[in-house]
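Novice: So the chains spell out like this:
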Amino acid sequence: MTITVCHLYPDLLNLYGDRGNIIAFTQRCRWRGIPVRIMEANLGDQVQFEDYDFLFIGGGSDREQGLMAEDLTARVNNLRSAVEDGLVVLAICGGYQLMGKYYRMPDGTEIPGLGLMEHYTEAGDTRLISNVVVEAELGGIKTRLVGFENHGGRTFLNGIQPLGKVLHGGGNNGFDGTEGARYRNVFCSYLHGPLLPKNPALTDLLITLSLQRRGQDHRLEPLDDNFEKRANQAMVEKLLGKKS
Amino acid sequence: MNLRLILAVIVGRLAMLASRLTGRGRGSSLPGKLALRIYPDILNHYRDQPRKGVIMVTGTNGKTTTNNMLMGILEQAGHKVVANLEGANLMTGVVTAFIRSGSITGRVSSDYAVLEVDEAVFPLVLGWIKPDMVVVTNFFRDQLDRYGELDTTVKKVLKALKKLTGDVKLILNGDDPLVARLAVESGLTALFYGILPVQELSAGASYSREAKFCPLCGAGLHYGIYIYSQLGDYSCPGCGFVRPNPDLEASAVLEEETGIRAMVRGTDGHWEVRLPVRGIHNLYNAMAAFSASLSLQVDPQTALASLGKYLPATGRMESFRYNNRRVLLNLVKNPTGFNRALFALLGNQGAPKQEVLIAINDNDADGRDISWLWDVDFEMLALHPEKFSRFVCSGQRAEDMALRLKYAGVPVWMVDIEKEYRQAVDKVLNGKGESVGILATYTALWPVEKILSRQAERVKDHDDYSLSPVS
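Going down the list, the protein sequences come from chains U and Z.
The first sequence begins at 378 in my numbering and counts up one residue at a time.
The second sequence begins at 18 in my numbering and counts up one residue at a time.
With the rest of the complex left out, here is chain U:
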């Protein structure tokens, strides 16, 4: 079976190296001999979200974010049914905010989100900019995720599950200690870096879930993750100290 990856609006949302997430996902499939292909969906393209196995939504500058929200809102029902059916999604930063109910501006105006998940976001006075370490439980195993956050919005989960617990950095809103969000097979996070290359356990979980949704329930072949571990560990040690 070929895994089909949908890179949403690659022309629009190419900030912060987030295409590294697509690179990491596809390379880790290829290195295991799992055929993978990347479909790019741009503004106005006909998209059947059901047909994809992995959807990536990144963030952009304000104008690009606006264009993306408008385009996705027009096809929200199509996306909602795919998500409810178990489509594997990774949404980063602006994409994460968009999955929720709204973004409230400093003057009180609310920009509606897609409403696929319960969280909401409010503009903050300052930007949270930092290297981040998050402790997350992925497939029953405790894992330390590392990345870099840079966001003005403060996101509140409103009852949904976080991706993990912040060990260093601001996270969702700077005070409740949570980072990111999970709902069905949707994974949301503020972490750039990009997120997937240095956190191979998360990447592999996304691949596993994509295969499971198509009825392929097998354990992934392990890979040599020496560089991945060293990059992850270097950041953990830098932020939490040598002994961690």
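Read the hints as simulated data drawn from the structure, not as lab findings.
It cannot be assumed that every hint is accurate.
[Said to hold, decoys possible] Subject to a maximum C-alpha distance of 25 Å in a straight line, what follows is the list of computed SDA-like cross-link-like pairs (lysine to any residue):
{"#": "1", "chain 1": "U", "residue 1": "Lys606", "chain 2": "Z", "residue 2": "Lys444"}
{"#": "2", "chain 1": "Z", "residue 1": "Lys179", "chain 2": "U", "residue 2": "Arg440"}
{"#": "3", "chain 1": "Z", "residue 1": "Lys172", "chain 2": "U", "residue 2": "Arg481"}
{"#": "4", "chain 1": "U", "residue 1": "Lys615", "chain 2": "Z", "residue 2": "Lys179"}
[Claimed, not checked] Selected chain Z positions facing chain U (in silico; Cβ < 8 Å):
{"#": "5", "residue": "Lys69"}
{"#": "6", "residue": "Asp250"}
{"#": "7", "residue": "Cys253"}
{"#": "8", "residue": "Asp394"}
Ideal placement from N, C-alpha and C gives every residue a C-beta, glycine not left out.
Let chain U serve as the given structure and place chain Z on it in line with the hints.
Specialist: Same frame as chain U, but now just chain Z:
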């Protein structure tokens, strides 16, 4: 007599002397920092002293090179110039430049001030000094976590320009829509330079294009040809915004082993420009400096003679020689610049195998977020494994760099992580490669250059270059 000014100058001078004696730092920012602390209004004192005018160079890439080229041209033409060197382009660097050139009582006897100004502090500096000419090179993504997104930077520069009066002249890269918009929106007089879009040059077009949308109306831009990044021959189907007709345009671009040359057509003639440094991006820098100097009534032949012997500043494609191997050192700070540096490595025909050192730091001056490494097209390296013997990754983020190469498809056995600069430099100098390429971010560049210059000999390519005017 202004005692506070004199004290500020003396303290600044002492700091300069101290850094020279101890050999620590280059003394290009600290003197200004101390002087500003003693006398925050110090630029008020200096700003009107240059007799013929103040020229500022801003943009994301090529500021240092353009600034140094322009300074060289003006000096060749017999003018006295105050300039900030070595990329010290924040307020502190500008103040240092004046302190260095002036007397103890703060008198500066110069014709021009040629100031490289960081695009993010440009509005701030403009609050102190009113330029007579502003050169804008380009707007590429740069150190996002420090300055916020590109849109914001461009808007701030525009807002600052709008506050200037009508007699200031802009020298703009017409091939960059984000720069060309400054003329339309500020209403100031502008001269444009550009490179004639020809198909061969667009081989370098890559992912990290910046402005895909019209900066004026938001419609998707159409491109005839890309030169690289968002530079090229663009037009907007929405509002009719197009690449302006250049006042100075280069064509017949020829890349050679030791430099680049091109034909340049202006309103009053045409010339051949020859540069002893490689890369289209350096041709852009030379076009900016040449445009500015023509506009300042410098004789074109004088300007071309100066460009023909231009020596790159530290880390701008600097050449060294070690045991008969050519070593190229280059600063990298954003995807566009990094891609240009990789093209230079791939274009190196003479050397079949190269050792490559990439040193990545994440201090404030480098940008703390290194995500941008994933916007660099390292995949092109994996397509030509035969050109490389090894990649050594160094600096604070050596592991991240190694990981990026792995995911680009470079075989893991070709990639070494060596966090210490000294060992890393030793490895590439004494490796199997027949030539060496070293790429480093800002704060990694100086220590690497220091280690390198102790072992390898600096090469001055311009020795074999002479001027050959056409008209």
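Novice: Of the hints given before, which are not true for this structure?
Specialist: Hints 4, 5, 6, 7, 8 contradicted; others consistent.
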